[in-house]
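**Q** Using the sequences plus the hints, can you model the full thing?
Each chain, letter by letter, is given below.
There are 2 protein chains.
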Amino acid sequence: MRMSRLFGKTLRQTPAEAETPSHQLLLRAGLVHQVAAGVYAFLPLAWRTLQNIERIIREEMDAAGGQELMMPAIHPIELWQASGRDQAMKDILFRFSDKRDREFVLGPTHEEVIVELFKRNIRSYRDLPLLVYQIQQKFRDEPRPRGGLIRLRQFTMKDLYSFDTDFEGLDLSYRKMYEAYIRIFDRCGVPTIPVLADSGAMGGRDTHEFIYLTEYGEDTCLLCPKCGYAANADVAAFVKEPAHTAEEPKPIEEIPTPGLYTIQALADHLGIPTSKTCKAVFYSADGEPVFVAIRGDMDVNETKLSRALRTVDLHYMSEDEVVAAGFVPGSAGAVGLKGVRIIADDLLPREVNLVAGANKPDAHLLNVNYGRDWQADTLTDIALAVEGSLCSATSDKQGECRTPMDVRRGIEMGQVFKLGTFYAEKLGATYLDAEGKQRPAVMGSYGIGTERLLAAVVEANHDERGIIWPAEITPFQVHLVALQPERDEVGTAAEKLYGRLQTDGFAVLYDDRDETPGVKFNDADLLGMPLRVTVSPRTLEKGSLELKRRSEAESELVPLDEGPSRIKASLAS
Amino acid sequence: MRMSRLFGKTLRQTPAEAETPSHQLLLRAGLVHQVAAGVYAFLPLAWRTLQNIERIIREEMDAAGGQELMMPAIHPIELWQASGRDQAMKDILFRFSDKRDREFVLGPTHEEVIVELFKRNIRSYRDLPLLVYQIQQKFRDEPRPRGGLIRLRQFTMKDLYSFDTDFEGLDLSYRKMYEAYIRIFDRCGVPTIPVLADSGAMGGRDTHEFIYLTEYGEDTCLLCPKCGYAANADVAAFVKEPAHTAEEPKPIEEIPTPGLYTIQALADHLGIPTSKTCKAVFYSADGEPVFVAIRGDMDVNETKLSRALRTVDLHYMSEDEVVAAGFVPGSAGAVGLKGVRIIADDLLPREVNLVAGANKPDAHLLNVNYGRDWQADTLTDIALAVEGSLCSATSDKQGECRTPMDVRRGIEMGQVFKLGTFYAEKLGATYLDAEGKQRPAVMGSYGIGTERLLAAVVEANHDERGIIWPAEITPFQVHLVALQPERDEVGTAAEKLYGRLQTDGFAVLYDDRDETPGVKFNDADLLGMPLRVTVSPRTLEKGSLELKRRSEAESELVPLDEGPSRIKASLAS
Chain A
1 MRMSRLFGKT LRQTPAEAET PSHQLLLRAG LVHQVAAGVY AFLPLAWRTL
51 QNIERIIREE MDAAGGQELM MPAIHPIELW QASGRDQAMK DILFRFSDKR
101 DREFVLGPTH EEVIVELFKR NIRSYRDLPL LVYQIQQKFR DEPRPRGGLI
151 RLRQFTMKDL YSFDTDFEGL DLSYRKMYEA YIRIFDRCGV PTIPVLADSG
201 AMGGRDTHEF IYLTEYGEDT CLLCPKCGYA ANADVAAFVK EPAHTAEEPK
251 PIEEIPTPGL YTIQALADHL GIPTSKTCKA VFYSADGEPV FVAIRGDMDV
301 NETKLSRALR TVDLHYMSED EVVAAGFVPG SAGAVGLKGV RIIADDLLPR
351 EVNLVAGANK PDAHLLNVNY GRDWQADTLT DIALAVEGSL CSATSDKQGE
401 CRTPMDVRRG IEMGQVFKLG TFYAEKLGAT YLDAEGKQRP AVMGSYGIGT
451 ERLLAAVVEA NHDERGIIWP AEITPFQVHL VALQPERDEV GTAAEKLYGR
501 LQTDGFAVLY DDRDETPGVK FNDADLLGMP LRVTVSPRTL EKGSLELKRR
551 SEAESELVPL DEGPSRIKAS LAS
Chain B
1 MRMSRLFGKT LRQTPAEAET PSHQLLLRAG LVHQVAAGVY AFLPLAWRTL
51 QNIERIIREE MDAAGGQELM MPAIHPIELW QASGRDQAMK DILFRFSDKR
101 DREFVLGPTH EEVIVELFKR NIRSYRDLPL LVYQIQQKFR DEPRPRGGLI
151 RLRQFTMKDL YSFDTDFEGL DLSYRKMYEA YIRIFDRCGV PTIPVLADSG
201 AMGGRDTHEF IYLTEYGEDT CLLCPKCGYA ANADVAAFVK EPAHTAEEPK
251 PIEEIPTPGL YTIQALADHL GIPTSKTCKA VFYSADGEPV FVAIRGDMDV
301 NETKLSRALR TVDLHYMSED EVVAAGFVPG SAGAVGLKGV RIIADDLLPR
351 EVNLVAGANK PDAHLLNVNY GRDWQADTLT DIALAVEGSL CSATSDKQGE
401 CRTPMDVRRG IEMGQVFKLG TFYAEKLGAT YLDAEGKQRP AVMGSYGIGT
451 ERLLAAVVEA NHDERGIIWP AEITPFQVHL VALQPERDEV GTAAEKLYGR
501 LQTDGFAVLY DDRDETPGVK FNDADLLGMP LRVTVSPRTL EKGSLELKRR
551 SEAESELVPL DEGPSRIKAS LAS
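Chain order of the listed sequences is A and B.
Under the numbering used here, the first residue of the first sequence is numbered 1, with each subsequent residue one higher.
Under the numbering used here, the first residue of the second sequence is numbered 1, with each subsequent residue one higher.
The set of hints was computed from the structure by calculation and includes no laboratory data.
No false leads were mixed into what you were given.
Simulated crosslink set (EDC-like; lysine to aspartate or glutamate; CA at most 16 Å straight-line):
{"hint": "1", "chain 1": "B", "residue 1": "99", "chain 2": "A", "residue 2": "91"}
{"hint": "2", "chain 1": "A", "residue 1": "138", "chain 2": "B", "residue 2": "98"}
{"hint": "3", "chain 1": "A", "residue 1": "90", "chain 2": "B", "residue 2": "98"}
{"hint": "4", "chain 1": "B", "residue 1": "99", "chain 2": "A", "residue 2": "86"}
{"hint": "5", "chain 1": "A", "residue 1": "240", "chain 2": "A", "residue 2": "299"}
{"hint": "6", "chain 1": "A", "residue 1": "9", "chain 2": "B", "residue 2": "127"}
On the chain A side, residues computed to face chain B include the following (Cβ under 10 Å):
{"hint": "7", "residue": "38"}
{"hint": "8", "residue": "68"}
{"hint": "9", "residue": "69"}
All values derive from a computational prediction rather than experimental measurement.
Backbone N, C-alpha and C define an ideal beta-carbon position, used for all residues, glycine too.
**A** In C-alpha cells, the structure reads:
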C-alpha cells in the first residue's frame, strides 16, 4: 500500500476527546472515526488489524472443534420474551418495530437464536457435543460509552456456544475455550489473566473473565500475590473476621445523636472506629424496599446483594424513596424494624456491642447484638473486598491462604460462561439420550469483543512515540520509507524493493509521499509497523538500506542486495 | 469436516414455505434457517460458501484499487436528514431511539457515512481518486421479503464508493467496477448481463444492474436480440410510432357512453382498436393530483413518470382520491380540464382522431387531437416497453436498431451508480483542486448483495437432485463417502484418505455416518460438492476408489494409490 493513497491521515495533535492512551493513539494514527457515541468506523489500517485478530480467533476456534456460522442481528422480541431477557437486559436492549408493528431487538448476544437453530438441527446425544460460533455485530445501548473502543454500542463479538449432554461435557468444552482464549490473547500480544466473575444476566454457574491489567480499565479485580487467586471485585471472596477482640454483650442503650447522619460523624462523636458500628443501606429490589445491614467500615457489594436477593432490577434508593418506604434516614436501624425485608452481611453475628440507628430521628443505640436484638431475613456475604482483604482461597494442605490481596484495574477482554441448562429449559433445547429420553442440553457461552481487544493491543503495545504492533496482527509487516523519492536513484531503488517484498509475500506500507524525513519517521513510529526500512540518498551512497525494528532503538545498515533476505530474517525473529 | 459432526441436517421433504428452486434447495440442504420474515441464519455450509464469495469480491475490489474499511450499522438520523434520504427512503428505513431519545437509522446503505469519513480524511486533489469499500450488514424494511434469500431485510452488501475530481475520473472508476463485477459473477458461476437501470433514491446519473436471467427473478428486462441493448423495464426506451396511417383531423364530437368505463369496453363498443383511444390515469405525486394521458393500448411506466415529475412519493390514486380530486372516473379526459397538472406521453401528438373521455359522466369525445383540443403541462416519454417493442438503440452507421425486443425476468445481482456531485453538494464533500479552489467530489457507488448472489449461484447451478457448486465457491471440494465405514478396511482406508487430502490442502467433507449408501449418495448430490470420492467394500476389493464429478453422470474407478493425484487432477480440470 502506498501511503500517498492510504485512506486515513495521521494527526499532529492529540484530539481532546481521547480518554486513554490507546484511544489517543488510535485517533492520532487515523485508524478510527467516531460516527456517534460508542459507534465507530474503522479505517483501512484498523480494519486490517481487526481482520488479523479475527483470523487468529477463527484459527483457535476451529482448532478447538468450533464450526463457524452466522446469525442475524435482528431478533423477534418473542424469542427474548421466552427467555425473560427482554426484562433482564432491558436497560441495554435496542428495540424497534417494522412497518407492520412487529417488534424486534438488535441482538446484544445470541443465546436465544442459537437455541432456535439447535432445536431445528439437533436430535440425539450422537450429535453432541456441539461447538458453534460466529464473528458478528452486537448492539448494546450502553449508558456510558467510553474509552474509545472499550465500551461500544455497536461492536464485533466472537461468540461461541457449546452444547453438551451433561455437566462433565460442559466442563470439557469450557476448558477447551479457556485454553483457546489464553492462546488468542497471547498471539495478539496482550497479557491477560483469567479471573472469577459474575454471570449477570447470562444466568448459569461458573464464569471467568480474561483481564488485561491496566489503570485505564473499568473492571476492578482482587489478586492474591501468593496463591494466584484472582476475582472480579463483584464476586471476590475474602476472609472476614471480627474487628475487635471478644467481649461480653452489654445491655442495649439509646443515646441522642442530633446532627449525626453519617457513620463517620457518629464514630467520631463517640470516639470509636467505624468497624464498631452497623451501617444501614436502602435498596429497591424489583420495586420492593430492602433494608441492608453491614459493618460500618465495609461497603455493600451490589453484585453479591443482587444474587442473594435474586433480583433483576436493583438500585440504591433515593432519599424520597427512603422516606416513602418508612425508613428514618440518618438513624435507621434493624432493631424493632417491621414489615420490610432485612438482609445482613454474615459477619454481623460475630460482632459484639455495635452502635446502630435507633429507627427514630436523632437517636442511635449502643450495644446492639445480632440474634439478641434483631435478625435478618437473609444472612449471607454481601461485602465488597478491598485492598488488603485476606485471600480466602483454600488448598487441601493448608486451609485458607490469608494473604492480603491487591486491588487492580483492568479491561475485560473476553468472558466464558457455564450456562448449564437455563436456556435449554426455558426455550426447550433438548436431545434424546441413549435410552431415548428427552433431556435438556447443557450449554456454555464464550465471547470476545474484537474492537476492545484492538484497544487493549494498543494499550499493551505502545511507547511515547506511537503504536508497536505485535507480529501476528500488524496491518503491515514492513514500513518502507523513501527519503527524497523524487531523486531518481531513491525512487528506483524504493520502487524495486517495494515490488520485490510484495512478490515475496510481505505486507508493505510504502511511504512514497513528498514529506520531510522528520514527518515520515514520526509517522512510521506512530503507525507502529514492526520493521522500518529506509532508502535514502545517504543509505544508497553506501550501497545499503537502513533496517530498524520498531521495538528497538538501534538501526542497522545492510547491503542493498541482502535487503530482502535480511528483512525476512528480521521479521522471522 | 466429518458429516457426523456437521451442524445442519438435510431434509427429505421440500419445505412448503419455499418459493423458488434455490430456496427449496437451500432449505433441503440444511444451509439456511429463517429467524424472521426476511431475516436468516446461515449454517456452516452456507457460511463457508458466503465466505468464499466474500473472498472473491475482496480480491476483485483490491485488484481494482479498492481499500477495505468498516462502517457501523448505526447512523445518527441527522446524517440522513442532511441528505434528505430520511424522506426519500422512509418506506424501508428501520428507525429507533436510544435510552436518551437520540434517534438513529439502521443503515440501508452508506453514502452519508462515507462522506463523513471523506470530509475528515481528504483534503486535496492529490488524495483522489479514492475507492473505499466494506462488506457489511445492511437493513431494509422491505414490505414483501420473498424468495428465500432474494429480498432480505438484513443482508450483507459489498458497497464500494468512488470519489473522483471530475466526471472523466468517475467514468474511469465506474468502468473499473463494471469490469470487476463481470469477473466476480463469472468466478461465482452466475451468468449475468449488465442492463441500464433506474437510480431511484440513490440520485445520480448512469446506472447499470447486473442481471441473472431467470423466470424466478423479480426484475423485468427488455433485451434486443440483435444489437444487445438491455435495460430494466423501468427505464427501457423503445421506438414509438403512430398506430395508424395518417388521416386528416376531424371535428370533435361528443357521444353517449353509459356503462363503458374501461378502454376495452369503449373500443369494443365503437369497433375500434384500443390504440385509437387516449387513456386517462390518475396519480398522486407528493400529495398533488396528476392527470396522466397515454395511448389506450399502452401502460404507464411509473419510474419514467416519477422521474418526469421529480417526485418522491408517487402512487396510483384510489377511487376516493380520484373523485375528491374532481376527476370523472370512467370518462375523464384532458379536453377542457382545468386546475390540475397534465402529463402526457410524447406519442400522443402524433396520433390523430383519438377517442377520449368527455370529462363528464357517461360521455366520450371522438376525434380528439393533441394541440388543437388539449395540451399537457409536460410532454415526455412515460410509456412502458413490452414484448415486441422496437429497439431504439442507435449506432452511428445505421440509426435506430428497430428490432423487436424480448421481455425477460431476472434477479439483480448488483448495481453500479454514477452519483455525480449530489452527495458532495448536499453534505459538503469537497477537495482543493490544483489552483486551491474548493470543488465537490464526484462520487460513484457500487453494491453487491452476497446472500442474493448465493441464491443466484444455486439457481444457476443445480439439477433435479441438488446443488452443483462452482469450483471457486464450493464449501468443500471433495465429498468423501465411506460405505459401511464400520468395516475395518473401509474405515481405515477412508480415514487415511481423509487425513491425506486435508494435509494436501483440500477442503473435504467426510461422510462417516452410519447411513445407507442411498442416503449418502442422495445427500452428496443434494449438497453438491464438485467431486464425490467413494470408498466401499466393493471398490476396495478392486484396490480402488470411485471418483464421480457432480456435474457428470459417469463415475470412474481409480487405483487406491493414485487416489490423491487423480483427485487433484480432477479438481484442477
